[in-house]
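Enquirer: Chain residues, written in single-letter form:
There are 2 protein chains.
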Amino acid sequence: MQTINASIITIGDELLIGQVIDTNSAFIAQELNKIGVWVKRRVAVGDVREEIWKALDNEAAVSDIILITGGLGPTKDDITKPLLAEYFSGKLIMHEATLAHVTYLFEHVFKRPMPLLEVNRKQAEVPDVCTVLKNDVGTAPGMLFEKNGRIFISMPGVPNEMKFIMQRHVLPMIKEKFELPYIGYKTLMTVGIGESFLAERLKNFELNLPSLIKLAYLPNHGMVRLRLTAQGEKQQIEKLLEENFNILKQQVEDVMAIDEDITFEILLGRLLKDKHKTVTTAESCTGGYIAHLITSVAGSSEYFKGSVVSYDNSIKENILHVNNETLNAVGAVSEETVQQMITGILNVMKADYAVAVSGIMGPGGGSAEKPVGTVWIAVGNHIKTETKKMNFRFDRKRNIELTGINALYLLCSFIRNDN
Amino acid sequence: MQTINASIITIGDELLIGQVIDTNSAFIAQELNKIGVWVKRRVAVGDVREEIWKALDNEAAVSDIILITGGLGPTKDDITKPLLAEYFSGKLIMHEATLAHVTYLFEHVFKRPMPLLEVNRKQAEVPDVCTVLKNDVGTAPGMLFEKNGRIFISMPGVPNEMKFIMQRHVLPMIKEKFELPYIGYKTLMTVGIGESFLAERLKNFELNLPSLIKLAYLPNHGMVRLRLTAQGEKQQIEKLLEENFNILKQQVEDVMAIDEDITFEILLGRLLKDKHKTVTTAESCTGGYIAHLITSVAGSSEYFKGSVVSYDNSIKENILHVNNETLNAVGAVSEETVQQMITGILNVMKADYAVAVSGIMGPGGGSAEKPVGTVWIAVGNHIKTETKKMNFRFDRKRNIELTGINALYLLCSFIRNDN
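Those protein sequence lines, which keep their order, are chains A and B.
So in our numbering, the last one in the first sequence is 419, and the numbering has no gaps at all.
So in our numbering, the last one in the second sequence is 419, and the numbering has no gaps at all.
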């Protein structure tokens, strides 16, 4: 069994000026990990000839597979492609099949004026020493090179084009070409306990883990995912993982939210489909973010009825029928208000379950009594509601995200426990 | 005037398995660019001693400033900090002021059981050869080292802690320590024209640009931002930029959406505050995403009343009063439906302006007549509405994002032209 290492090189000034957040590398790394390829390094360089050349040399020295994204756009000053031709001792030629594809796209999909511009035609040029990886969803093709036993793959930086080429061409090619180890994962999510306290609790568990298995702490949005990973022979790995995952689950039983690696919005959909029930949201401080999370799941129209974002108090009163007296007496950010929002939204939407939130996300709007980060969350059905007060202490963006994920967690728990 | 180069090193296996998307590097790069520091390379390495050491050596060879994030969490196997101590020929000592701060945080902010765990105490250890950069918002302090004329800064990987240390300590230090060039920017956003066609149109403009000024094409979400950048002596730069920006604006007048570098949700807020008007959204396919964008802006409660997410057709009928006949005759994804949604939501929310969207985001729900990606957008006030049909051809996530940004663009245009 070989250990196969990969490096990811991203090319483009836009990454070095911070214009673009690099989501491609995370996707590539995840996909490679799933098939048993270890990503050793990730490097970002600008549209500078010497920098790209040096990065290719450096990464080829440590990795078997070098994945390159970016540097192929129509206004990229023609640096990357000629450089690749030279690096692999070839020359640029027009690739007729790609040209036909680009022509087709402009004519029938983009519906842009013909004839093609020179820069568009150039997208169909490739070094004569590469294997072209057809890009069905865009104009710049992927290119595969081999040199000194290393494999180099160049892909466009547009995320959906890169993903297409990875899934259609690159991952199948790697699986065929290399004898890869089997990699097994088991993941669970904890809520309400910090990373250091988890680590303290799991000290002995970690010490007693078989050497084949590694435990990773993956904190995100105030929750910590625990992941067991092992690689080796499939049957042995699966059995070992199963046994140790069961022990881990027992150790964190009181703080475990899900025993698999899915988001709460996906879990919510599964719970609701199982019960043939529907859900709605009444949102103040999250401004539609919870509904957005729920509807980011394909097929959510099966169980999601809709939402009212009651940002202004008049909407809380007029549509959700929150009492004016309540708003005056205890304010919009209160347990009473979110409880009444649940009742109101369930009636308006004729749904089975609801979640309601009201809080102060900042930077303004806080007071001594209700500082920025104060949030009331309610979840419920037509029979009962449950409420929780949260105190976040971050910026507006993160406070909204944390409110959203906590609201979905409480909603999932409520639905799971509702028989 | 020196040219100051920086490298960013991110440490952590979570980046190499794709668990985490690296947003820190983009923030750091943006902030450094603003003050005239050029980011030469970004490198991500795992929690592996030799890899970190080599990255420090490599980056110190090419950059004046090396910014390091990550590798400092409580379960990080104690690799990075001891390595930094050794790399800079020091030893780890307890930093009493940091320990007092960590103790305070656990006692008064996190409200966690005392006494501190060993791993929490360890967060207050630092190499005795560093300058401690106090982290007011977390437990792991920043650390500044100098070696052979290079400056190294180590920061925690938690985004808001990194941002705090950058803004409080690192950026002021760099500005004081180095004589930096003045960097000027002028940015505008175009809509409805591809990068290659823009480049074709601006070919002569680019050829005639003074050598001090660079033009960058920054495509994102189907729109292309054009940015002029120049560095040098402030007054000269400002004047040159102003002149050339005016020429650029004339060249793209017909496709320009905004002549500055802001988002449509921020522009929307500014337009509404200027006119003392309010806005609402009626969303089907975007599921609350447009409301989420609007409310991501601090102070949006001043002009945003609320939203109805009418995912289910019953909500379109019952709350927004879309005609049942319309839904039966032409369907929910139609010009008539979004027009009626505008009328309905304006009445329900008692707002001045509204945007309504209905479409098919995929992967399911498409038909030959209305394929996935078909979207109707309407914007309007109590007097008139304008509609637009869009055809996107991406995955669910991107279709939602593109619908959101286009809806906000149309809304801003409508409000700007409404006198």
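One thing to keep in mind: the hints can contain errors.
Where chains are identical, the list cannot tell them apart; a pair therefore holds if satisfied intra-copy or between any two copies.
[To be verified] Heads up, simulated PhoX-like pairs for lysine-lysine below, C-alpha to C-alpha not over 25 Å straight-line:
no., residue 1, residue 2
1, K177, K134
2, K40, K54
3, K147, K111
4, K397, K34
5, K91, K384
6, K388, K239
Hints were generated in silico from the structure; no laboratory data involved.
Enquirer: Take the hints in turn and mark each one as holding or not.
Expert: Hint-by-hint comparison with the structure:
1. For a Cα distance limit of 25 Å, the shortest separation of K177 from K134 inside one copy, 19 Å, qualifies, whereas the shortest one across copies, 50 Å, does not.
2. With identical chains, the CA atoms of K40 and K54 are at most 25 Å apart both within one copy (17 Å) and between copies (13 Å).
3. For the homomeric pair K147 and K111, neither the shortest alpha-carbon distance inside one copy (39 Å) nor that between copies (57 Å) is at most 25 Å.
4. In the homo-oligomer, the alpha carbons of K397 and K34 lie at most 25 Å apart only across protomers (22 Å), although the nearest pairing inside one protomer, at 31 Å, exceeds that limit.
5. For a Cα distance limit of 25 Å, the shortest separation of K91 from K384 qualifies neither inside one copy, at 72 Å, nor across copies, at 59 Å.
6. With identical chains, the CA atoms of K388 and K239 are never at most 25 Å apart, being 40 Å at best within one copy and 56 Å at best between copies.
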